[in-house]
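Asker: These are the residues of each chain, in order.
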Amino acid sequence: MTHARTFYRWHRRLVGAGLGVLLLGGLSLAATGAGMSAPASAVDRFHATLLEVMQNADSLGFPGRQERLSPVIREAFDLPFIVKVVLGRYWRELPQTDRQRIIDTFTRLTIATYAARFDGFSGEAFELVGEKPMKKGRMRVRTRLVRPGDEAVQLDYVLQEEAGRWSIVNVVANGVSDLSLKRADYGSIMKKQGFDLLVEKLEAQVAALGKGGG
Amino acid sequence: MYFVHRLVPVLALVLLTGLISACATTPVDEDAAVPDPYEDLNRSFYAFNNALDRAIIAPAADVYVTVTPAPVRTGVGNFFDNLGYPTVFINAFLQGKFEQAFEDLGRFLFNSTFGLGGLIDFSSGVGLERHDEDFGQTLAVWGFDPGIYHDLPLIGPKTSSEAVAIPADMVTDVLFYASSSVAFPLGLLRLVNKRANLDSAIKLRDETALDPYVFQREAYLQHRAYLIHDGDPPRDDLLAMQPSE
Numbered sequence: 000m001t002h003a004r005t006f007y008r009w010h011r012r013l014v015g016a017g018l019g020v021l022l023l024g025g026l027s028l029a030a031t032g033a034g035m036s037a038p039a040s041a042v043d044r045f046h047a048t049l050l051e052v053m054q055n056a057d058s059l060g061f062p063g064r065q066e067r068l069s070p071v072i073r074e075a076f077d078l079p080f081i082v083k084v085v086l087g088r089y090w091r092e093l094p095q096t097d098r099q100r101i102i103d104t105f106t107r108l109t110i111a112t113y114a115a116r117f118d119g120f121s122g123e124a125f126e127l128v129g130e131k132p133m134k135k136g137r138m139r140v141r142t143r144l145v146r147p148g149d150e151a152v153q154l155d156y157v158l159q160e161e162a163g164r165w166s167i168v169n170v171v172a173n174g175v176s177d178l179s180l181k182r183a184d185y186g187s188i189m190k191k192q193g194f195d196l197l198v199e200k201l202e203a204q205v206a207a208l209g210k211g212g213g
Numbered sequence: 000m001y002f003v004h005r006l007v008p009v010l011a012l013v014l015l016t017g018l019i020s021a022c023a024t025t026p027v028d029e030d031a032a033v034p035d036p037y038e039d040l041n042r043s044f045y046a047f048n049n050a051l052d053r054a055i056i057a058p059a060a061d062v063y064v065t066v067t068p069a070p071v072r073t074g075v076g077n078f079f080d081n082l083g084y085p086t087v088f089i090n091a092f093l094q095g096k097f098e099q100a101f102e103d104l105g106r107f108l109f110n111s112t113f114g115l116g117g118l119i120d121f122s123s124g125v126g127l128e129r130h131d132e133d134f135g136q137t138l139a140v141w142g143f144d145p146g147i148y149h150d151l152p153l154i155g156p157k158t159s160s161e162a163v164a165i166p167a168d169m170v171t172d173v174l175f176y177a178s179s180s181v182a183f184p185l186g187l188l189r190l191v192n193k194r195a196n197l198d199s200a201i202k203l204r205d206e207t208a209l210d211p212y213v214f215q216r217e218a219y220l221q222h223r224a225y226l227i228h229d230g231d232p233p234r235d236d237l238l239a240m241q242p243s244e
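Heads up: the protein sequence lines correspond to chains X and V, in order. Numbering-wise (numbering that gives the first Met the number 0), the first sequence opens with residue 0 and increments by one. Numbering-wise (numbering that gives the first Met the number 0), the second sequence opens with residue 0 and increments by one.
Only chain X is shown next, with the shape it has when bound in the complex (with noise of 0.2 Å):
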């Protein structure tokens, strides 16, 4: 089946939920620009703000994209949750100062890896393709970074909401899921070297991005 056809069927559910929700009161749709569904909006904002930063980064510099980045990513993101299903298993048993610990890292270790990853700008643009609602209520933005020269790579971010706010949970970059992958990669850690030694790693990470950084 190709792209176009199902976006088209996704269009056509779209509009369907869009009008359900009108029914039952309409803020959200009050509340978003041109048209766009609430998860779709959050997406685009943080696309925004990524062009925004890719083409200042140098003027910026590393610092300056952290800290531009540090808000937004801060908001767009559910870090806590993300990090829970990342350790899986683990987390039950994990005290709370633990819990904290680790999600103090891997916030910080996001946001100095998208200012270390979008340093630059050579024309990319982010196209938004379609929406899939998803099991719990979740919603799948299907979104493509178009790289000019380059072949376009296919983004998909999983987004959930709580009280009223959509934030992202997951983001597949051409069927990779990033969950999934820090799961795996975590877990083995977890599993081998036990939490201290992960969180050391993961901190060892954010320094050298820091350092590498400019």
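Where hints are given, some of them may not hold.
[Stated by the list, open to error] In silico BS3-like pairs for lysine-lysine, Cα to Cα no more than 30 Å straight-line:
| # | chain 1 | residue 1 | chain 2 | residue 2 |
| --- | --- | --- | --- | --- |
| 1 | V | Lys202 | V | Lys96 |
| 2 | X | Lys200 | X | Lys210 |
| 3 | V | Lys157 | V | Lys202 |
| 4 | X | Lys200 | X | Lys190 |
| 5 | V | Lys157 | V | Lys193 |
| 6 | X | Lys200 | V | Lys202 |
| 7 | V | Lys157 | V | Lys96 |
| 8 | V | Lys202 | X | Lys191 |
| 9 | X | Lys190 | V | Lys157 |
| 10 | X | Lys210 | V | Lys202 |
| 11 | V | Lys157 | X | Lys191 |
| 12 | V | Lys96 | X | Lys200 |
| 13 | X | Lys190 | V | Lys202 |
| 14 | V | Lys96 | X | Lys131 |
| 15 | X | Lys191 | X | Lys210 |
Keep in mind that the hints were calculated from the coordinates and are not lab data.
Assemble the complex: chain X is given as a structure, and chain V must be docked to it using the hints.
Answerer: Then chain V, alone, in the frame of chain X:
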């Protein structure tokens, strides 16, 4: 036929994979994201491949990148993509994707002629985009995919259906039918070009992963699922599997 001798190493490899399957396996890791019964063996082959890569292949790829301007590298990439394209349209037919298969056949023919032997990707410009099909995906579509992960020496990550499919993919590759004096240097060039293209992915793995072997396994298996389902895998929702919050 003079290329039959090339089947020997391929058959040896298939035999090796079969022997590995018959050998004692590591105890099943129930916590693992995916079952990896050959993990110990895979890890040792992974280490071997990495050592070989660092010693020989990566430096060769670096030289290649330094010496070859980007447009030439693009041309080289296009040329080899085209040589391997019969695999794509044959397997598209085998999977019943007839519309796509005809498009792919068209892509191959246009690129081979108007694209000057495949050097220019003429077809993408006329809307015949590139697809990725191989016999391993065909076997998976037909239902023969136990989904076991192998990290093979020299070859790298393969699922079990892909490993079995290696001879079939080789036989549908144009380079297989060339004489050794042509195939050997071209094969080396293809390897070095591919390694140059994979450089950012390998760097990402080495910078991001805490356990690079696991990272590669996970990324590879997900990528295969993405290819098999043509970009729309039936997601086993990781999030839906979590205990209630």
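Asker: Check each numbered hint against the structure and report the violated ones by number, ascending.
Answerer: 1 and 12
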